[in-house]
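Participant: Once you've looked at the hints, dock chain B against the given chain X.
2 protein chains.
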Amino acid sequence: MTVLRSFSEHAGTLLKGLWWRAYSRQHLGADVLAGVVVAVLVLPQSLAYALLAGLPPQAGLYVSILPVLAYALVGSSMTQAVGPVAITAIVTFSVLSPIAVPGSAQYVSMAAALALMSGLMVLAMGLLRLGFLASLLSRPVVSGFISGSAWLILISQMKLMLGVSAPGVGAWGQLSATVAHLPQAHLPTVALAAVSVGVLVATRSALAPLLVRWGLARGPADMVVRLMPLAVVVLSTVAVVAWELDTRHGVAVVGQIKQGLPEMGMLLPGLSELGLLVVPALILAFIGTVQNIAMAQALAIKRRERVNPNQELVGLGLSNVVASVAGGMPVGGGLSRTAINVAAGAQTPLASVVAAFAMLALVWAGTAGFARIPLPVLAASIVVAAVNMVDVAEFRRAWAYDRADALAWLGTALGVLVLGLQGGIVLGIALSLATLLYRASTPHIAVVGRVAGTEHFRNVERHGVETLPGVLFLRIDESIFFGNLRAIEARLMAELAKLAEPRAVVLIMSAVNRVDLTGLEALTDLQRDLSARGVVLHVAEVKGPVQDRMQGTALLAGLEGRLHLSTNAAYVALQDRG
Amino acid sequence: MTVLRSFSEHAGTLLKGLWWRAYSRQHLGADVLAGVVVAVLVLPQSLAYALLAGLPPQAGLYVSILPVLAYALVGSSMTQAVGPVAITAIVTFSVLSPIAVPGSAQYVSMAAALALMSGLMVLAMGLLRLGFLASLLSRPVVSGFISGSAWLILISQMKLMLGVSAPGVGAWGQLSATVAHLPQAHLPTVALAAVSVGVLVATRSALAPLLVRWGLARGPADMVVRLMPLAVVVLSTVAVVAWELDTRHGVAVVGQIKQGLPEMGMLLPGLSELGLLVVPALILAFIGTVQNIAMAQALAIKRRERVNPNQELVGLGLSNVVASVAGGMPVGGGLSRTAINVAAGAQTPLASVVAAFAMLALVWAGTAGFARIPLPVLAASIVVAAVNMVDVAEFRRAWAYDRADALAWLGTALGVLVLGLQGGIVLGIALSLATLLYRASTPHIAVVGRVAGTEHFRNVERHGVETLPGVLFLRIDESIFFGNLRAIEARLMAELAKLAEPRAVVLIMSAVNRVDLTGLEALTDLQRDLSARGVVLHVAEVKGPVQDRMQGTALLAGLEGRLHLSTNAAYVALQDRG
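In order, the protein sequences belong to chains X and B. Residue 2 is where the first sequence starts when you use my numbering, and the numbers rise one by one after that. Residue 2 is where the second sequence starts when you use my numbering, and the numbers rise one by one after that.
Selected chain B positions facing chain X (in silico; Cβ < 7 Å):
| no. | residue |
| --- | --- |
| 1 | Asp-406 |
| 2 | Asp-478 |
| 3 | Ala-512 |
| 4 | Asn-514 |
Simulated restraints, written as ranges between beta carbons of each label pair:
| no. | chain 1 | residue 1 | chain 2 | residue 2 | range |
| --- | --- | --- | --- | --- | --- |
| 5 | X | Val-461 | B | Ala-401 | 32 to 42 Å |
| 6 | X | Asn-460 | B | Val-388 | 46 to 56 Å |
| 7 | X | Leu-211 | B | Tyr-439 | 52 to 62 Å |
| 8 | X | Ala-453 | B | Lys-499 | 39 to 49 Å |
| 9 | X | Val-461 | B | Val-388 | 47 to 57 Å |
| 10 | B | Gly-424 | X | Leu-128 | 25 to 35 Å |
If you're looking for bench data, these hints aren't it; they were derived computationally from the structure. We put the beta carbon where it would ideally sit given N, CA and C, even for glycine.
Next comes chain X alone, as it looks inside the complex:
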């Protein structure tokens, strides 16, 4: 409840609200320019992600219009751009391909229904202020999930880059089928893909520093780098047309794209098919939510803005609901899309509004020119983007800081590969919770003594301290709950056994934030147990909320007079009696 309350309290300050009311004229030029640049640059990847999702290429263009507009007006991030993105595309393909044939009319209508259902779910989550649910996943798990998904995308694109038809079920099936078809690789296709990958990788890492050395400013140099994928697509398409690579040499191309403006509306699948989509929609909603919020927050930190997770969900949900009738493909917050937006100088969501209208203009002008874009080049650009989604840096940080977090990363990433996206996300949640439980059930417990001449108590193993004969001062650095009682009791008994003539145990509870009922009853038993051995139980530094809760329990009644405000008070009392 506290979370919910704190969110609603701050809704007022956190809400982006009506950004256009407070729009500052000085941003206008930058926003218009950024919008046009984004529309042009994201065009090839919009086609590519639609194909990745198993949908007709124009779907990617259509959902770059109205859904983008919807998010711009409602979402909470100032510069995040939504649209057809890699994660939602691969999730769409993963959940739909087992129940419908990709590219079929049934598949198309189910994709639209999926966008609608998951959009409504996300919208409901936002309106019900359930944005905090996204914190069910730790950063390493989210990062591992995105990395695993990137590997899935890589595997799915290999056959396009090899020019082979290699149907296989699951990641391993596809991978082994592709490897088995290696000898049949189509050479012109492989050459085109290899050159594209080479150019993209080379320009990505080396071009910007080179341009800067040649006297270009950092900003424009970055922009040139971001232009390269478009340049590669344009040049390769020119090559296809010039040398008839498609008709004469068998290089696969995008093919005929439906002309003209998108029709609004959708064909709802039957009720039984909608039933099949409930779980997939839930998965898509959850993944989309987590990814979107994580990205919006990362971006807000960089730009020193604040993000409201619930507002963010309302924007994402509404955007998907609109996408279901205006394009029919689920959308999400895009990493590269947003990066292009920021790099192009966008200052406010007006940039996205402009981008939506620019895309509308491009679609209106005609999409015939896109028909001969070579597929291996689009696949190459997806692959290069996917490689950048693999976040090995997070894994390394986790490995250095906390092995359990590193294992959670690895487990989730491998889980996505071996069990699929659904299995991976479930494994990730399970790993998050297991780590939490394991940590809490192996608490840090320190035997402490008094630093001479002070009232401070420190670990006897780390500091030279004074102790009282026959008295055990034990600091429990964890909330006491059903899962760690055995560990606490075992440690207490072991330390007690080391004392020659034990007469008292002082439990220092300064780091005990909660004691559950099982813990309370176990402490009560412990007190009785110790007392039977002639050892007196004292407690010190019990926190206010913990003590409030203990009022009237058998434990507190039995402790009368032996509950000390500070460890030093307990020390002094026991010293006098000793």
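Facilitator: Quick look at chain B alone, frame taken from chain X:
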């Protein structure tokens, strides 16, 4: 690992070990008497629980011989008695009745296989020192589970007490079928059951005080009360024989029992049937483990002894393995069986050894006399025992102390009724974990100030304290992890907004026992974020293990010089600068 290590370290002291080597002659008389008394008293309930499990009545007698002996020699509790018990009986019936017809040869062989498989699992858990897994369940959940099972037992016995045949699937199915058959209730059966219940309840609550008032000592008085179920069975059987209640009035009786000593050995079911039993065996192993350890510990506390969970599992597992070939019914640690043992004066496991031989003698002498024990009377004794398993006191304690624990009790108990035993146990684990996660994700956070003239810092809402203008002292009373970052950040920002000219935030981490990678990265972001607003982040009282882990991270590097050993040091430093 700490848990495992501490267990093995103390194995030497905790092990009951070879109790007979250190056997004290003075206990001999008490143990022999207790053994004989237990054998006689548990005889009717052994028949009843075998019938409850869907097995022939003699199975309950057979598993009261060798399995009891096995546990007596290996188990860790001095006075716990194993044998056919209510919980394992109802679990056996619940998991087997959907896959085989109760009473059929296939059912009998599957029950034996179930005992073998779950026994091997429990044995392996004990040998692998996995006894700590039993702590995956909190006390309220275990209590709720046993209470829910007791309701299931009540429902299952109602048709026997009404003398109707009311087949129904699940608890509700059986209940509604029984209610629907109420008009057909068999009057002599109902009368016999009602009188039995009345006598048992009345003697249970009123007899002992009455006997004490008449001058009997408390011990013998309790023994007389424990004799009552046997007396009721004997008297009702005499009534059946005298008035031919079974042959002439249609009261159901136990029926012919196989004569002579049990044959050793078992008929293993086929491989495919064994496959069906894996999950049921796991469930039985888990439930048996949790119940057995919980009971052994409760008993050990009362008797000021210590229990070794792993040794306990070895005893329980071995006992079930033996039961699979010597009777063919899963066994467990019995509440009433143990209570009888203790009340009869048992001092060591020798009492159980004697009880096993006494039962052997009874079976040898002949079981023909048991054939005309009336079923409604056995059902009545089971029902009275089951009512005592419903632990409403624990629910009340939980309600008073912590609503979340109370809801976990209620959820588990209702889960057992509505979803069945398996569903109930899964729901219980889920509730335990959800409670844990919810508590950790809504941390207690206090704004503190200095108690004038001291170095102590206390909650500004609870105490009159000094503060520094523009400085926020925030104590976080919870480990920082992915689940509570939003709550912490929201609170921090809200408190900061209350300050006129914020210049510094001091995070007091005395109760922060761990910071996971997500938390570390969020703190790093927070530091950057605050610094951009002109607010300096300080931290104080970081625990040793937390600080060790932070060595070399970006957070610690950025905090240089602003990590204070005590809150007071931070206060003094900020006062000087203020």
